[in-house]
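Undergrad: Residue-level listing of the chains:
There are 4 protein chains.
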Amino acid sequence: MPNEVKSLNEECGVFGIWGQPQASNITYYGLHSLQHRGQEGAGITANDSGCLTNIRGLGLLSKVFQDPKRLEELPGTAAIGHVRYSTAGNKTLDNIQPLMFHFTDGDMSLAHNGNLTNAHSLKQRLENEGAIFHTTSDTEILIHLLRRSSHTDFLDKLKESLRTVKGGFAFLLMTEDKLYAAVDPNGLRPLALGQMKTGAYVVASETCALNSVGAEFIRDIQPGELIIIDDDGFKVDYYTKDTQLAICSMEYIYFARPDSDIHGVNVHNARKEMGRLLAKEQPVEADIVVGVPNSSLSAASGYAEASGIPYEMGLVKNQYIARTFIQPNQDMRERSVRMKLSPVKGVVAGKKVVLVDDSIVRGTTSKYIVRLLLEAGAKEVHLRIASPALKFPCYYGIDIQTTDELIAAHKNIAEMNQFFGSNSLGFLSVASLIKAIGLKTKAPNGGLCVAYFNGDYPTPLYDFESELQAELKRLHESRKQEV
Amino acid sequence: MPNEVKSLNEECGVFGIWGQPQASNITYYGLHSLQHRGQEGAGITANDSGCLTNIRGLGLLSKVFQDPKRLEELPGTAAIGHVRYSTAGNKTLDNIQPLMFHFTDGDMSLAHNGNLTNAHSLKQRLENEGAIFHTTSDTEILIHLLRRSSHTDFLDKLKESLRTVKGGFAFLLMTEDKLYAAVDPNGLRPLALGQMKTGAYVVASETCALNSVGAEFIRDIQPGELIIIDDDGFKVDYYTKDTQLAICSMEYIYFARPDSDIHGVNVHNARKEMGRLLAKEQPVEADIVVGVPNSSLSAASGYAEASGIPYEMGLVKNQYIARTFIQPNQDMRERSVRMKLSPVKGVVAGKKVVLVDDSIVRGTTSKYIVRLLLEAGAKEVHLRIASPALKFPCYYGIDIQTTDELIAAHKNIAEMNQFFGSNSLGFLSVASLIKAIGLKTKAPNGGLCVAYFNGDYPTPLYDFESELQAELKRLHESRKQEV
Amino acid sequence: MPNEVKSLNEECGVFGIWGQPQASNITYYGLHSLQHRGQEGAGITANDSGCLTNIRGLGLLSKVFQDPKRLEELPGTAAIGHVRYSTAGNKTLDNIQPLMFHFTDGDMSLAHNGNLTNAHSLKQRLENEGAIFHTTSDTEILIHLLRRSSHTDFLDKLKESLRTVKGGFAFLLMTEDKLYAAVDPNGLRPLALGQMKTGAYVVASETCALNSVGAEFIRDIQPGELIIIDDDGFKVDYYTKDTQLAICSMEYIYFARPDSDIHGVNVHNARKEMGRLLAKEQPVEADIVVGVPNSSLSAASGYAEASGIPYEMGLVKNQYIARTFIQPNQDMRERSVRMKLSPVKGVVAGKKVVLVDDSIVRGTTSKYIVRLLLEAGAKEVHLRIASPALKFPCYYGIDIQTTDELIAAHKNIAEMNQFFGSNSLGFLSVASLIKAIGLKTKAPNGGLCVAYFNGDYPTPLYDFESELQAELKRLHESRKQEV
Amino acid sequence: MPNEVKSLNEECGVFGIWGQPQASNITYYGLHSLQHRGQEGAGITANDSGCLTNIRGLGLLSKVFQDPKRLEELPGTAAIGHVRYSTAGNKTLDNIQPLMFHFTDGDMSLAHNGNLTNAHSLKQRLENEGAIFHTTSDTEILIHLLRRSSHTDFLDKLKESLRTVKGGFAFLLMTEDKLYAAVDPNGLRPLALGQMKTGAYVVASETCALNSVGAEFIRDIQPGELIIIDDDGFKVDYYTKDTQLAICSMEYIYFARPDSDIHGVNVHNARKEMGRLLAKEQPVEADIVVGVPNSSLSAASGYAEASGIPYEMGLVKNQYIARTFIQPNQDMRERSVRMKLSPVKGVVAGKKVVLVDDSIVRGTTSKYIVRLLLEAGAKEVHLRIASPALKFPCYYGIDIQTTDELIAAHKNIAEMNQFFGSNSLGFLSVASLIKAIGLKTKAPNGGLCVAYFNGDYPTPLYDFESELQAELKRLHESRKQEV
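Chains as they are written, first to last, in the numbering used here: chain A, 1 to 483; chain B, 1 to 483; chain C, 1 to 483; chain D, 1 to 483.
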């Protein structure tokens, strides 16, 4: 997305491996293909016969491990790794994962993708009991619960702790002799298991990471499951049976890489189908279909195919990342944006354009792109969004915790169309989204979480319940005032 | 391209501006959109009321100007800039441009895209006369000629010097009070003139750079022309009338950005048309068309459109660049490649695939991609190349100065098909290439240089003549031996 | 010291300030003059109206705060800072201080110089109660004790915690509205209080840091004291009355900067006096006195003065620090050492030299310097050490926790003299050391800790008691075997 | 020196070696001990069987060769290296040496310490003949002369060129098969020859560099000599017999390292003798002698010895270099200075101090140090300078090309004493300086250049003649006006 970070940030990617020489090297490659899930920081913990070593750093994986010697400092045959998403604030190293814990009775390391909905109340309770938290992230809570559990068996302690935390999560926990992988009771965050030709087991947020290290896919980790991997192989256990599938639909729409499969559905295929259904729901007479590179290309080609309107490369993305220095004035800032996305005049001039984008958050980017195309000579620009309008916060791991920045929470279609300067505007319906993904399940909403579109949260919201009510009330009043 | 640099390297991009406050800032933005033309080094010379300042460095533009203060050290209302292509050897700062010359009677700065064919003999002649060269590049020769010219008028000196050098070139020369832009007599290298809304004039290797700084296109610099820009505006002059258009066809096929127009033809449109004609010349029965990202996507969509076979995203390119550290073993190295390009299993599995690539140099990448697709489950892979087979060296500015690394110089279609492991292989014909680009000219080969395809060089080769003959003889004998 | 780090490492320097605009800037300057106390890492926590921000990093202060923007990220009117000493292992960022603690009821930050003797048993006890430690340093223990204290008043909690930890310490604890400074019951580690002209209060490990920021010295923090600083000024409180002065004598001998005063005694003057007394105790007939730069120059000039033998600059230290890259062979490694310390041939050739060093740990450096001087033509080299022989471990904050590397624990004077290749060898007596420092106190050993010289530890050793006994037994047996 | 660079900058140090494996490694070590002669930039050219490779960079040697691989990129058995001094302006890489020249008939590389007095006129003449200069330094001129010489024999060309350039110089010129070393006809700049145990020959600006690499001193290069080193050994030749010794006296006073010998005189011994003679010429009743660290310690100890007043460490220099970031205000700037030099209160308080400095340029530092001592409680401060007052420019390689910044050119002793705030002020006489150094020669001024003290330049000044006259006239008038 040009200039602005799209404000739709995945909370991290995780990767783990057990039983492989140079495990940290493989983890580096695995994390590299998960880099799109987080650019704020990266880290790896390696396990050398029970001795755990951890290296973490701010920035891209390639920066953290720029010095070739860093990976050599992570010897061992097992490892877990993590990439963390980037936001403006709180960019402190302390929050970069995997977290490392040294106990007199042994080390452990933890990596987490997701967001807990009862973190605040758990944290307060634990602090009152004398616990000291070293990070501002939720992740640490699991370890405090584990260490304070009244159970004597480690596995019982862990299961109890997993039952205590609520929300969306995929956890990788490595101890001296085992690697544990667990997913929340709704399977909100994805996690897949695979196996290397060497026999080593691999777990990763997305199957593209399995492919990138040459591992064969075995299975998705199911809601409520706890996978235990050690030198004897892997074992599927569970910490709760009270589950119901509700995979984050934004994974299919925007987050995941097109070459990943989630619960058996290829992401590119799902996006193309969203484009096809969008063409049926929101048709328009036009000369060419243009997708916003790179995330909307699958949907745009689906729209083109279903509508019979030719797909053209009307926008080009500069593959080189410009240094972001402070721009002296507005004119310079616009030029800075222009460095990332360029219209192809020779393609769009004089044409009626269907502009396909995957989703809209603030809308400032869409507004900018519409203007780019019109300035390049497009006769008309019809904006088509290959997902429903985002109207509600997410509390399970996507960085939308307020509706303030969601344009669709504040404006209706006509108002948005005017704001964007487009000739028409259309979104995909929730029903078509569910159909396009087409999971084979009888769970509500086709086994998807679509709460950010329709407010239908698959779980109680715990600490966030009152926050959501306040948000909705405020929103309601703001709409009234506008009218 | 995965792993290997494709061995098809453009020799540089140039950008110049006259009459604009903060000229070096605009030059930074302009060079940024020319970054694909060279990643070895970058530099800018700024002109502050006749005082020239120069900053150059190795690596990407964003690295050279990483410190926000560097651009502030380049004050003034005019500037020229340069990005240089990357090769293994000779990566020394001395060769990074623009070159800067301090004379007791004033400064000048020079930026050059191209390659001179009589550089060696000129250099030797000049050294015998006592000249000292400080770089190993050709560029410096022009200044030595200029300073030793017997003419008294500067413009006469410059024209004489431009007539003396041979080959392919686009020069930008900035003196204290003027900016000169010149293109070789065949127009082998592109150069375009534009104007900012502020009135400032801009020259750039590609029109995408004009767009990126918000300049309006005025005209392409024609063969033999010498444009003179100063505070009174621009003037079109010429240094020779003995010209004939022969634009480098690889600019359309591979080098230029799809949003650039060269001599009135949009690059994306030309590529798409190459794809369409390729579908007609080299049809095949298949389920899906897949392009090699990112450079072959235009041609692939043209192939899909003309053949009626649906275009699919069967390959994904990782947008994050991995650190290139030394791989401990072959297995690791392959994994390193895999980090850049991934097949989409869910798309290609069980399918007959038409794989469209823009061009083939060594062929090792093509071989690797074919294997990637087959391993991901493709039933058949039919390789289609949207340009003719590369068989001859280029001496005008592309980094193919020997046929050793050109697979098509050593193998016929059947041999290559076997080498790649593809089910079939087809190239675009030279005639179709010329037709796809479709320049409006009566010049031979449709105004294009297609020498690397058919050996038909548009000029005498001077210092390289004997080299080419030796090359061809060696090639002939090697083919004989193989038979 | 050339090549080897002298293996005598201070455990850190601390600096704090309250009531000063740009407090982190002042802290930077203060820490800079404490840099000799630790080069492994540095950090600052700033307090902006109760909001605490912390930046830490590995390496020298100037590296951690290389980017001018880092200090701007630490706004506020109070701050504490820390420099940490360098050892081979455990160079992890987690252990760099000040430690930062975020509680739901407020933040606090802690900086510590020293070593706790009951850390291990306290840590085990706390972990059994569910505590999670995030660092491998002792420092964190104080906060765990504080948070678990059964007292209700914060000050009572803190005092109880300070009474619970044993060993040598100087703590700076900053909460949202107060800065606490405390020293162990023996005053093993130094800490001084001062005041800026602006009225702001400053605490620092050494008075040189007060001088460097322009603060006036007020008083040394006394054993058992707890100083409380806030917007109303400072208050002297105490957490225990069970105290007895035993300042680390190595502070005077080696660690502290010569311009610092500790408990009223200037360090340079103390060293010079050690040199004078050494001349009396260990006289020798010679031509010149040469000191090992830079730490032994004070003692050497004292020796020269008392003996009447002229002081000469027979050794020069290169002020530029060479990059430490891996040396291909032994010859190269020696050259690397030679880069740091050079003999002055023109001074030492043909002379009988008294070489004065402040102390000897392993002895490898002394051996090397003796050889340097002899190779440069010295006729005789008489080694004189301006402190007693180091024979016992320190458990209060100096990095000698085993006698393995102490040459004087294993060899007698004659054996050492032979090892060094010197013509004679002499140490200062403990009695003279005490006299040279001359603290006005009736405490045993003149108010000094001299345990590393004579085994007379001023406190019980807690967790280290058995370790010391084992050490001594092993040592005893090894001496027997040698005989 | 605190804050300001003392404005007395040596123009560079050179090092060369022939006949030694890993020659660039040895050169690194050699340059390291010459680092005090230049911190702006450093470079090495290595010679691998006639193939010359060059690496240069801005900043300290350790920064330029920070990456361990850089030295590996400089293979070969011969090398020359250079460190360049630091000034505010013109810090461009182009001027960093050794300069590298690639000719079609072979490579050569040149390193130069000194300054040419006819550079400007030679440059103008050469440019008129078509020469292009790539640097703004004088050094390049020699190569242009060499390449244009009408002689046919290389040695004749070189000798003619050396006779053509005027001023102060020490040149190292490396061709494919030889290393040449030459010194100007007055021997203004030092250069010494030595030999490694391996048989390899070494040349260096100072003998400390010979020592640091373990080479034995053979001889100083004499005025007018040209040493030729190749695989057959070294040969002493000369390019002129019209010579007269006039070694730069500032080498003894300030520039050279105390462990170096120049023309047989040890620098520390010379400085100590300057201090002794100063004590006799400028006696004063006082309690302690304090030297300004580090450069004035030799002279101060000489003063102490001759006067019988005890030498004390009244000033301490921080061995850690602080990051120089922009200070928000004057108060902060002062603090920044204070970080480098600290008075030892416990030593100077209540004392009458003789403060010995080696030389005075602008005087701002002296003024600052006097104030430091008085603020620290000194009762009186008597400033004694161990060299004569600097009143005239130097055109042979020291960075004083105008008298504007020389305080002694504008003020008399009384005025300076008032400016410094000292209780009294005294300089060493030129006669005593000459006596202190005591070269065995019958040349005028004891074989020394003392022009900056008395205007007695040992050579004609060529291009600078008129400049000096203008300078003196201006100075004369300014003194008149003041009166």
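Treat the hints loosely; a few may be bogus.
Note: identical chains are not told apart, hence a pair may lie in one copy or across any two.
Okay, derived cross-link-like pairs now, DSS-like style, lysine-lysine, Cα gap no bigger than 27 angstroms in a straight line [to be verified]:
| no. | residue 1 | residue 2 |
| --- | --- | --- |
| 1 | 340 | 197 |
| 2 | 317 | 157 |
| 3 | 197 | 317 |
| 4 | 197 | 367 |
| 5 | 351 | 435 |
| 6 | 379 | 197 |
| 7 | 351 | 69 |
| 8 | 351 | 197 |
| 9 | 442 | 280 |
No lab work stands behind these hints, which were simulated from the structure alone.
Undergrad: Could you tell me which of the numbered hints above are not met by this structure, giving the numbers in increasing order?
TA: Hints 2, 7 are the ones this structure does not satisfy, whereas the remaining hints hold.
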